[in-house]
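So the chains spell out like this:
Number of protein chains: 2
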Amino acid sequence: MRLRVLIRLKPGIMDVQGTAIQRALAGLGFGDVGDLRVGKVIEVDVPGDSVDAARRRVDEMCRKLLVNPILEDYAVEPVVG
Amino acid sequence: MRLRVLIRLKPGIMDVQGTAIQRALAGLGFGDVGDLRVGKVIEVDVPGDSVDAARRRVDEMCRKLLVNPILEDYAVEPVVG
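Heads up: the protein sequence lines correspond to chains A and B, in order.
Reminder that position 17 of the first sequence reads as 17 in my numbering, one-by-one numbering, no gaps.
Reminder that position 48 of the second sequence reads as 48 in my numbering, one-by-one numbering, no gaps.
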């Protein structure tokens, strides 16, 4: 069972990397793009066939290691295909 | 139209960060997790209502700035909800 964790800065937290990319895009002629945010994606293979059980394990990994809950939000989703 | 770009290291490229996370997880009792890869996610607002047109623009951004085609693969998908 392969799952994907999307980790993003919480809405109130300034995304310096995102702002830098947005400025660079403006310099390349993409000045009309709106809000841009950069985050991390972690894809992991968890043994077992149950999506729910795998999701619970990955959730525990997020709480214990992968995510900083002060600064970051996360979402866990199955990888399709 | 909000789109998400998932940027991952190509299969042959060593993912040092992923290996480090996998080891740390093993130390926390998650020794049974399989392959783990770390990548970037960029979410961006592109003006217009056409998914196809927005996807083409984001594709151009990837080729011109966001992605290093030597090391990285990417996928563009609409953000639902």
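If you're looking for bench data, these hints aren't it; they were derived computationally from the structure.
Certain hints may be false.
Because identical chains share one entry, a pair is satisfied inside a single copy or across any pair of copies.
Here are the simulated DSSO-like cross-link-like pairs (lysine-lysine), alpha carbons at most 30 angstroms apart as the crow flies [to be verified]:
# : residue 1 : residue 2
1 : Lys-40    : Lys-10
2 : Lys-64    : Lys-40
3 : Lys-10    : Lys-64
Quick rundown of the hints versus the structure:
1. Lys-40 - Lys-10: both (13 angstroms within a copy, 16 angstroms between copies)
2. Lys-64 - Lys-40: both (17 angstroms within a copy, 21 angstroms between copies)
3. Lys-10 - Lys-64: Both: 18 angstroms inside a chain and 28 angstroms across chains, each within 30 angstroms.
In this structure, every one of the numbered hints holds.
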